[in-house]
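First to last, the sequence lines map onto chains A and B.
Each residue of the first sequence is one higher than the one before, counting from 1 in our numbering.
Each residue of the second sequence is one higher than the one before, counting from 1 in our numbering.
Since the hints were derived computationally from the structure, they do not count as laboratory data.
Each hint should be verified, as a subset may be incorrect.
The calculated label-pair distances, taken between Cβ atoms and stated as ranges, are [stated by the list, open to error]: (1) B:F88 x A:G232: 46 to 52 angstroms; (2) A:R177 x B:G21: 18 to 24 angstroms; (3) A:A25 x B:T162: 53 to 59 angstroms.
Here are the simulated EDC-like pairs of lysine to aspartate or glutamate, each with C-alpha atoms no more than 20 angstroms apart in a straight line [said to hold, decoys possible]: (4) B:K17 x A:D269; (5) A:K229 x A:D269; (6) A:K229 x A:E284; (7) B:K27 x A:E49; (8) B:K17 x A:E222; (9) B:K17 x B:D7; (10) B:K27 x A:D46; (11) B:K17 x B:E72.
Note that CB positions come from ideal geometry on N, CA and C, so glycine has one too.
The lines below spell out each chain.
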Amino acid sequence: MTKSGNTPSENPDSVSESEVLQLEALDSAPGPARPLSAAETAAMIDRLERQLWGVRPRSKRLRLGAVLGVAGAFAAASAAAAIYVLRPAEPAAVTAPNEALRTGGTPEKPSTSVPEVARGTADEPTGAPAPSLASPEAPAAGPRAVDDKVEGSGRGVIRHSKAAADQLAEANALRGRHRYRQALDLYLRVIERYPSSMQASAARVAAAAMRLEQFGDVQGAERLYREAKTTGGELTAEAQFGLAEVFRARNDANAERQALHEFTARYPDNPLKSVAERRLQVLEGR
Amino acid sequence: MKPRDVDDARWSLLARKAAAGDSPSTKQLLVYLLPRVRNLVRYLVRGDPEVDDLSQEALLLILQGISTYRGEGEFRSWADRVVARCVFGSRKDPARRFEQALLDVDGAVEPAALPDRYYLRRQVVAELDALPQQQRDVLVLHYVLGMTIPEIASELTVPEETVRSRIRLGKQRIRNEMADETNPLPR
Chain A
1 MTKSGNTPSE NPDSVSESEV LQLEALDSAP GPARPLSAAE TAAMIDRLER
51 QLWGVRPRSK RLRLGAVLGV AGAFAAASAA AAIYVLRPAE PAAVTAPNEA
101 LRTGGTPEKP STSVPEVARG TADEPTGAPA PSLASPEAPA AGPRAVDDKV
151 EGSGRGVIRH SKAAADQLAE ANALRGRHRY RQALDLYLRV IERYPSSMQA
201 SAARVAAAAM RLEQFGDVQG AERLYREAKT TGGELTAEAQ FGLAEVFRAR
251 NDANAERQAL HEFTARYPDN PLKSVAERRL QVLEGR
Chain B
1 MKPRDVDDAR WSLLARKAAA GDSPSTKQLL VYLLPRVRNL VRYLVRGDPE
51 VDDLSQEALL LILQGISTYR GEGEFRSWAD RVVARCVFGS RKDPARRFEQ
101 ALLDVDGAVE PAALPDRYYL RRQVVAELDA LPQQQRDVLV LHYVLGMTIP
151 EIASELTVPE ETVRSRIRLG KQRIRNEMAD ETNPLPR
């Protein structure tokens, strides 16, 4: 083996590069593919067997990934219905096959996907009911918060709201390009500078979900979800559901169960209620 | 016999039985292969939505072609090549390219209650997602599948120097990305 890196295992430089890049040899441990539930695995293997033995023509096979992807997008869009606008989602009927595949009870986790946030400014109505910009929620304090200084000044509020929305949009764009660290920085800046804005509310939930999913920072995620819950806003339901995810990450089944019960009781009309109920069924062995 | 040898022997035995049409062995082989195939597909494609469709196609190709596995080398390595070729071939399908463009790249990320390694791997593929496809391919073939540069060049039908160049550029891009990401998490 030469220095040219013909085989990674024989080239010291290459091995160290591999470690730096964190690229591991392939195995069957979880990741990087999203794990399948037992029911999804069984359904996929069953489908393959049927295809293999010719019971079902290949051309008519179920496009599992497409269905899961579209259903995931639909669920995420529903979760953020009030002020979020996701990319176009399929009607509810499309989710039906997905639901059928998930009979094993492992819940989907659409809410923890960081929501795409609409720019949601006064200039760019989203079509969703617009929260009153003149009466923002109680501020989360912070001496550097610029939006506190302009409360009561309609034009100023709108100007700062637009700035917050622009930064939020930029954070979303960064996340879309997988620049997670920079996106997180920007989400936190929105929270710090415009703590009482509806954009800050969205940024808290988005940043919390990113901390949990992209960085595995359970404690940081919990703090942000709690802040999002406390400060109110349009996404308190998502924050409550996120807290349940945090407890799940900690393997704290009791706290997770309690959080999910609180979620289903307080937000009976939330699209995530069915997800929460399925997870509760698993936790409670029903 | 080392544990790895036992594994290889078991895989090969199952493959031979599956090739002979033994249904339980085929099913067992699928159970073993599924997570590995899905992980490899995810390493090679951007985002989650295509993973299951492509894994399904790749598994079908493996089973349909299993009689051509001649027992030379590890069955898993042979299967990995089939999967990689399936993914590369899928990129030539215009309908699939269109479908891929419509799907959400992030998709739903799954359970939080998974080992740290899962999150690490998710971060790694997020880095790979930001790379040009050609650079991504050679990095995965080289570091994840352990293929040599001549093997990769042969697989992709490109000169060896091109493979080296793509590896170098891919690593450089990831290093640059990582330089941005090495600061501690903001509070």
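These are the hints, each one checked on the structure:
1. B:F88 x A:G232: 46 to 52 angstroms: holds (50 angstroms)
2. A:R177 x B:G21: 18 to 24 angstroms: violated (48 angstroms)
3. A:A25 x B:T162: 53 to 59 angstroms: Roughly 24 angstroms apart at Cβ, these two residues miss the hinted range, so it is violated.
4. B:K17 x A:D269: Status violated; Cα separation ~52 angstroms.
5. A:K229 x A:D269: Satisfied, since the Cα-Cα distance of roughly 17 angstroms is no more than 20 angstroms.
6. A:K229 x A:E284: Not satisfied, since the Cα-Cα distance of roughly 25 angstroms exceeds 20 angstroms.
7. B:K27 x A:E49: holds (7 angstroms)
8. B:K17 x A:E222: violated (50 angstroms)
9. B:K17 x B:D7: holds (15 angstroms)
10. B:K27 x A:D46: holds (9 angstroms)
11. B:K17 x B:E72: holds (16 angstroms)
The earlier numbered hints that this structure contradicts are 2, 3, 4, 6, 8.
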